[in-house]
Structures are given as C-alpha cells and as structure tokens.
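Same order as they appear, the protein sequences are chains V and P. Residues in the first sequence are numbered consecutively from 28, following my numbering. Residues in the second sequence are numbered consecutively from 5, following my numbering.
Honestly, the hints are just simulated from the structure, not real lab data. It is possible that some hints are incorrect.
[Claimed, not checked] DMTMM-like, lysine to aspartate or glutamate: derived pairs with alpha carbons at most 20 Å apart:
1. P:Lys199 x V:Glu161
2. P:Lys106 x V:Glu78
3. P:Lys199 x V:Glu185
4. P:Lys225 x P:Asp362
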Amino acid sequence: MLMKRRWTLYDPRLAWMLVAPVLLLLIFFLVLPIAVMAGYTFFTFVTAGVETSALTTANWHEFLTDSYYSGFLVKTLRVGAITALLCGVLGYFPAYFIWATTFRHKWLLLLLLIVPFWISFTIRTFSWINILGEQGVINVALLKLGIINEPLPMLYNEGAVILGMLHFLLPYMILNVYVSLESIDRTLISAARSMGCTSAQAFREVTLPLSLPGLAAGLLLCFVLAAGSYVTPQLLGSGRDALFGNLIYDTIMGELNWPMGATLSIVLFIVLGFFAAVYTRYMGMSQIVKGLGG
Amino acid sequence: MKLTTTKRLERLHDRYANGDLSRRTFLTLTAAAAASAGLSMPWMGRALAAVQEVRFDGWGGTVQDAIDKFAFQPYTTKTKIKVVQGTFGDEDEIITKIKTAKPGDYQVIHSSGVNYYIKYVNAGLTSEINEANIPNMANVLQPMIEPFRKLTPKLSAVPYDYGTTGIAYNTKVISPEEAKEKGAALLLDKKYAGKVGGYSDMTTRVWYAALATGQDPNNLKDMDAIWAKVRETRDLAKKFWSSGAELMDLLSKGEIVVTDAWSGRVAALQDQGHPIGYLDPAGSYAWMEDMLILKGSPMAECEELINFMLDPATSIAVAEGQSYPPSLDPNKVKLTEKIEKLPAFDKTGTMKSLTFADPTYWATNEDAWTKQWNRISKGA
Numbered sequence: 028m029l030m031k032r033r034w035t036l037y038d039p040r041l042a043w044m045l046v047a048p049v050l051l052l053l054i055f056f057l058v059l060p061i062a063v064m065a066g067y068t069f070f071t072f073v074t075a076g077v078e079t080s081a082l083t084t085a086n087w088h089e090f091l092t093d094s095y096y097s098g099f100l101v102k103t104l105r106v107g108a109i110t111a112l113l114c115g116v117l118g119y120f121p122a123y124f125i126w127a128t129t130f131r132h133k134w135l136l137l138l139l140l141i142v143p144f145w146i147s148f149t150i151r152t153f154s155w156i157n158i159l160g161e162q163g164v165i166n167v168a169l170l171k172l173g174i175i176n177e178p179l180p181m182l183y184n185e186g187a188v189i190l191g192m193l194h195f196l197l198p199y200m201i202l203n204v205y206v207s208l209e210s211i212d213r214t215l216i217s218a219a220r221s222m223g224c225t226s227a228q229a230f231r232e233v234t235l236p237l238s239l240p241g242l243a244a245g246l247l248l249c250f251v252l253a254a255g256s257y258v259t260p261q262l263l264g265s266g267r268d269a270l271f272g273n274l275i276y277d278t279i280m281g282e283l284n285w286p287m288g289a290t291l292s293i294v295l296f297i298v299l300g301f302f303a304a305v306y307t308r309y310m311g312m313s314q315i316v317k318g319l320g321g
Numbered sequence: 005m006k007l008t009t010t011k012r013l014e015r016l017h018d019r020y021a022n023g024d025l026s027r028r029t030f031l032t033l034t035a036a037a038a039a040s041a042g043l044s045m046p047w048m049g050r051a052l053a054a055v056q057e058v059r060f061d062g063w064g065g066t067v068q069d070a071i072d073k074f075a076f077q078p079y080t081t082k083t084k085i086k087v088v089q090g091t092f093g094d095e096d097e098i099i100t101k102i103k104t105a106k107p108g109d110y111q112v113i114h115s116s117g118v119n120y121y122i123k124y125v126n127a128g129l130t131s132e133i134n135e136a137n138i139p140n141m142a143n144v145l146q147p148m149i150e151p152f153r154k155l156t157p158k159l160s161a162v163p164y165d166y167g168t169t170g171i172a173y174n175t176k177v178i179s180p181e182e183a184k185e186k187g188a189a190l191l192l193d194k195k196y197a198g199k200v201g202g203y204s205d206m207t208t209r210v211w212y213a214a215l216a217t218g219q220d221p222n223n224l225k226d227m228d229a230i231w232a233k234v235r236e237t238r239d240l241a242k243k244f245w246s247s248g249a250e251l252m253d254l255l256s257k258g259e260i261v262v263t264d265a266w267s268g269r270v271a272a273l274q275d276q277g278h279p280i281g282y283l284d285p286a287g288s289y290a291w292m293e294d295m296l297i298l299k300g301s302p303m304a305e306c307e308e309l310i311n312f313m314l315d316p317a318t319s320i321a322v323a324e325g326q327s328y329p330p331s332l333d334p335n336k337v338k339l340t341e342k343i344e345k346l347p348a349f350d351k352t353g354t355m356k357s358l359t360f361a362d363p364t365y366w367a368t369n370e371d372a373w374t375k376q377w378n379r380i381s382k383g384a
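For reference, chain V alone in the conformation it holds in the complex (with noise of 0.2 Å):
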C-alpha cells in the first residue's frame, strides 16, 4: 500500500519553502539588477543618454586597454587599504577597551559606538568641511593661538578623504573585533598568567591571535565599504581625489554613457567580490556576519 509521504522535521520540501522568500529576494534585487548590467556591458554607446542594443565588446575592449581604468582601480585599492588598515589600527584599542573594561554600564560605550549611525552619512561627511575647512574649528583655533600664520590645507585632499572614511567606518572594526574578543575564553587568559605570562605575553600569545578572525572581518569590511566609496570622496576630496565609484557616477551621470559605466561597475563588483571571496575561502564569513549582527 503507499503511504502519503509526511512532512518531517528536516524534510528538505519545508527547508526549500523556508528559504524561498529570501531566495526570491536575493534573485530579483541582487542576481538580476546585476544580470541586467553585466547585459548593459555589452550594449553599444551611441551619444549621451542614447543606447543601442547592438552587441559589442567595446567596452570591455577599451577598459582593458586603456591604463587609465586600471590605474584608478589601482589607486582606488590603495585608498581602500590604507583606510581599512587605519581602522584596524585605531578601532582595534577601543575594542579591546570596551571587552576589557570592568565598567557596569558596558551597553552605553557599545551603544556610543552606534550613536553616529542616528545621523545621515551626508551631514556627518559634510561635518569635515567645517571642521578641517580654511575657516573650520581646526584652523580657526590655531591662527587665534598664533600657532600658524596661513590656514593649513586640510581639506578637498586624499587625507580629507581617508579620514571622513575612517569616521564612518570604524565602528564596523570596532564591533567586529569587540565580538572576537568577546567569544575568547577569558580563562585561557589566566591560564597563561598562571603560566608565568606578563599581560603583555598574555595578550601577544593568547588574545590577539584569538581576535584575529574578527580584526580580519573588520579589515575585509572596511576595505570593500572605502573601495566602493562614492559621497565621501565627492564631498571632501578634489576631482584628483575620486575614487573608482566616482568614475562610474561620471560615466553614468555625466557622460550619460551606461554602457560603459555598466563595465566599470561590474568590474569593481568582480574585483571588490574577488577579495570577499579570498577572505571567505581561509576565514569564513561567519565572523562578519557575528560582528555586524552584534
């Protein structure tokens, strides 16, 4: 006799119905947009704001001939790195503050660390410019102290620019390595005190190894958040300063040329995705995902 085959408890029919939504989700605002663009890629320029759909590899052709392109991803890389290994630096210290800290109330320095977020990214970035601007706080108070003669120029450079970036992204590896840190065994620590360690080799040989994953979440956050990296370069940094989203926003916005700003697009999706893949394949995106999930 056949029997009606029930739902069971790991039955792979109600795991499927589970995920649908969110695979539907992801199918249509993520692999489809880009499905859309990686087409747009191939679609022929004819003048500003007209297309054709006449196939063509020109695009591609001339991004990969013309060092121009490649020179800004170089660039726009270096940017991204020197920005993510700053966060690591300085995020790294209030992390390890925060974790360590006997103080009661240790949700009001994490919630501190979330209050910036209350604020539109736009007006904290525009913040800068009154602060590192020929008349900002900065200057002001060093020509009123005779410290300086001339206003310093710090504003509208690659400085300007890594810094607003550092400002809005340090506290994802701030989070990402307090929770590193949080998931250490704290009786490792005493082991290694009881073992005769100072609190310096304590931390060397057994905390810091510990966080890494986190650090190394951290890192990958920050690197790909700069790297991909539009207002703040817009906003505080000169034309100079643009970073390989500001190329795109050009191609599309100004030049009206979508095509090619599809390429350039897809190119820095490949390319930022090439590293969230490396990191993926030796760390897992487990710690991320922990560290912006708190």
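Got chain V; can you put chain P on it based on the hints?
Just chain P now, kept in the frame of chain V:
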C-alpha cells in the same frame, strides 16, 4: 485660474484634433462625446479631475526658493493644483533618472537651455506643447525661442530666464581694478594657486580655456591648447564645485577667492552681505534656462502652469527673487529697475550682447569633450 471641465475638454479635444494622442485619448473621446450628448457619468468628474499635482524638478537653492515662493505657491492657491518639487545638482543626473522612470513620473524640468534640450530630443523625452495654451509666450524674447524652434519646430520647452557664468572674486583679496584688468585670466593666475575654483562642467571649462587661448568658443581650432589650459586651471584649483549651493559655500567660507560663477548665485551672496565681486569678461559664457515639459506629462496642467509662470507679474517676482533676468521681452513688458541692474541683463531684447553656445556645434563634440574633461578633472 482653475480649469473648468468645459475648458479642459476643449483643450483635450484640441490636442486630439492636432493628432497629439495621449493616454487620455479614450477619456477625451468618451468625455467629449458625453459632453456633446449632454450626458455625464459619475466616474467622469473624478477621472477628469484626476490631475491634482504637477511634478517639477529644478536646481534647488535660492533659485528654486524664488520659483516656489513667487510662482508655485500662488499657482496652487489659485488652481488647487499642487506642484510637487524635486531638485538636482547636475542636469545629467535628472536625465538619468528620467530615463529610468516611466513617462509622466517627471513632468516639468528647469532645464539648461538648448545644449541640454538636444539631449532630451535625442533620448526621445520631449513632448509637443500647444502654444495656444500659453498665451504669455507672446511676451517671451524671440531670440531665446528661435534656437529651440530650430531643433524642434513644435516646442517642448519655453525659455524662462538667462544669465552668465562670469568671474566671481573675493573683494578682500582681489580688487575690482585687478579683476577688471585680468578678467578671465584670473582663473590662471598663479598668485591665487590653491584658492581658485570653477564649475565642474565641461562646457564651462572649455569655454574659459577658449577665452584664455583667444579662440572662438563656438569654433575651436586648437583643442590641444584648450586641454592644456583646462589642466592649468585644474592644477591651480582647490575645488571644482558641482552645485550652486557648493559654489556659495566655497565663496562665502573663503575656501576659494576666485572662480567662474553663476551670476544669480553671486547676486544672492552679495545680497547676504558677502564681499564678493562679479564681472563678465569679454565673451563671457551666456546661457538660458527653460521650462521643459517631458513626454507623458499632463499637458494641459503643465501648459497652464508655465503660462502662469510667464505672467509678467509672476515672472518679474521670480526674476527678482532668483536674481536672473526673465525671458520677457523688455520692449513688450515693463521690467523693474532691480531687474535692469541684474548681471547679464540685456536691455535691447536682441541678446546680441551675450555669447551663447552654438547648440549644434557643442552637441557634435559633447561626448568626446565630456569624456576628456572627466579624465582631466581626475588628474589625467
């Protein structure tokens, strides 16, 4: 003026008679038939009165504030039709948005004259205005309308204002005498290295390079020399601004002491008491702006709005508010003393004292030059 149902039907019928079919065709025919038969259906009134707002996108800042205060708000009070507003910093940005939206999402654009008009025409985004519905067009300067009509005999836009991109300078640092003596060369003066600004726009950069190399901006012979001058300005510049608000911010905060600048924005800064001078050097870049109705827009309402905006009282109030001369012919409409004192104002009504970009010439070179400018602006 509130449109009556009868008037609306007449206009819709006119549009149908002119072969200008729209999505309302069915409604027009049904309603016209019903009206002629003396019939009416309960849903008709609601459907005919469906357009309760018009979408407008402009440059924001002091310019749009003036349009809103002196044109849109009185228009809404009078007609109950709301004007929903959006802003853009760069017109290419709004063209991109329009391309990705469905017809009718964006309706009226405060566009940058004939140079941009070509882009809308090429992209198939233009409509056909029934000029009979905009009787105030009779007061608009013919020299401003003609370039548009050359591109499309049936207009999709109506000129609204004009101005120049001249030289703005900080009078605490640069004297009016020095500015007058050096003119456009101020942008290349090494004395002001690191304190120079400029509009991040290909046309403006190439135009001022043309003046610096002694070439006719509408017939450039030596592009290598042009790009060399563009690079020279870039190397002296602190920042190329990309919106009127950014221009005003950079000048008022003293970040830059000299830049090419939009006359109206400089006038606004002067009104606020900032020590900013302005001059139009010989061959200064003149431009006009228009109210462009996009394809798929509710034509009757958009035409009504533009007619209201062109009413002399409204147009003069807006012009005084935004500090740009109106497109009204001073030989037909008595303008105020304040307008006559605005930078770039042409009292003859011939526009011969102003040098506009030849739209066909610039359109031919636009793609290649924009690409080159984008590269140079990023250090290439």
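Tested hints:
Proposed proximity of P:Lys199 and V:Glu161 is supported: the alpha carbons are some 11 Å apart, at most 20 Å. The straight-line distance between the Cα atoms of P:Lys106 and V:Glu78 is roughly 18 Å, inside the 20 Å bound, and the hint therefore holds. For the given pair, P:Lys199 sits about 17 Å from V:Glu185 by alpha-carbon distance, which is consistent with the 20 Å threshold. Of the pairs offered as hints, the one joining P:Lys225 and P:Asp362 holds, with about 15 Å between alpha carbons and a cut-off of 20 Å not exceeded.
Of the numbered hints stated above, none is contradicted by the structure.
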